[in-house]
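Peer 1: Let's have the full structure, built from the sequences with the hints guiding it.
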Amino acid sequence: MDSRIDLIIEKLKDVYDPEIPVNIYDLGLVYNVDVDDSSKANIVMTLTAPGCPVADMLVEDTRQAALAVEGIEDAHVELTFEPPWDKSMMSEEARLELGFF
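First residue of the sequence shown? That's 1 in UniProt numbering, and the numbers climb one at a time after it.
Bear in mind the hints are in silico, worked out from the structure with no lab data behind them. Honestly, I wouldn't trust all of these hints.
Pairs of lysine-lysine residues, derived as DSS-like cross-links and limited to a Cα-Cα distance of at most 30 Å, are as follows [what the hints assert, rightly or not]: (1) Lys-13 to Lys-40; (2) Lys-87 to Lys-11; (3) Lys-87 to Lys-13.
Per label pair, the in silico range of CB-to-CB distance [stated by the list, open to error]: (4) Asp-37 to Leu-98: 22 to 32 Å; (5) Gly-99 to Ser-39: 32 to 42 Å; (6) Asp-6 to Glu-92: 27 to 37 Å; (7) Leu-98 to Ser-39: 16 to 26 Å; (8) Ser-38 to Leu-98: 14 to 24 Å; (9) Glu-10 to Leu-96: 28 to 38 Å.
On a predicted model such as this, the values are computed, not experimentally measured, just so you know. Beta carbons: idealized from backbone N, C-alpha and C, even for Gly.
Peer 2: Structure representation (C-alpha cells):
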C-alpha cells in the first residue's frame, strides 16, 4: 500500500462540512482513496444528501487536501451516490460526537 494514502486520509480529517462538526472521513463520506503510478490521487466520495448546498466546496476542499500531501502531483475527486450514505457509515467517534448512540 502506498504510504501517501495514509497521509491523504490524515489531511481529509481536516475537511469539514460546515453544517456538521465532524470531518468528512469520520462521517464516512470517503469511499475510496488511491494513488496511481503518475502520483495522482483518486478519491471517491459521497455527500450526506444529494442536494447538499456546499457540495462544490467539499469536493474542492477534498481535492486540495490530497494535493497538500508531498508527492501528490494531481488529484481527482469523483462524487457518487451509490451506495447512498447513511449514518451507519460513520466512525464510532463521529457517532459519539453527534449523539447517535
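Peer 1: The structure should be examined with respect to each hint, and the outcome stated for every one.
Peer 2: Now the hints, each set against the structure:
At most 30 Å may separate the alpha-carbon atoms for a hinted pair to count; Lys-13 and Lys-40 meet this at roughly 19 Å. Only pairs whose Cα atoms come within 30 Å are accepted, and Lys-87 paired with Lys-11 is accepted, the gap being roughly 22 Å. The straight-line distance between the Cα atoms of Lys-87 and Lys-13 is roughly 17 Å, inside the 30 Å bound, and the hint therefore holds. Separation of Asp-37 from Leu-98 is about 38 Å and departs from the stated range, judged on CB atoms against 22 to 32 Å.
Here the CB-CB span from Gly-99 to Ser-39 is close to 40 Å, well matched to the stated 32 to 42 Å. Asp-6 and Glu-92 have their C-beta atoms about 19 Å apart, which leaves the hinted 27 to 37 Å range violated. Take Leu-98 and Ser-39: their Cβ atoms lie about 35 Å apart, and the range 16 to 26 Å is violated. Separated by about 38 Å at the C-beta atoms, Ser-38 and Leu-98 break the suggested range of 14 to 24 Å.
Range check, Glu-10 to Leu-96: Cβ separation about 20 Å, and the 28 to 38 Å hint is violated.
In summary, the numbered hints that this structure violates are 4, 6, 7, 8 and 9.
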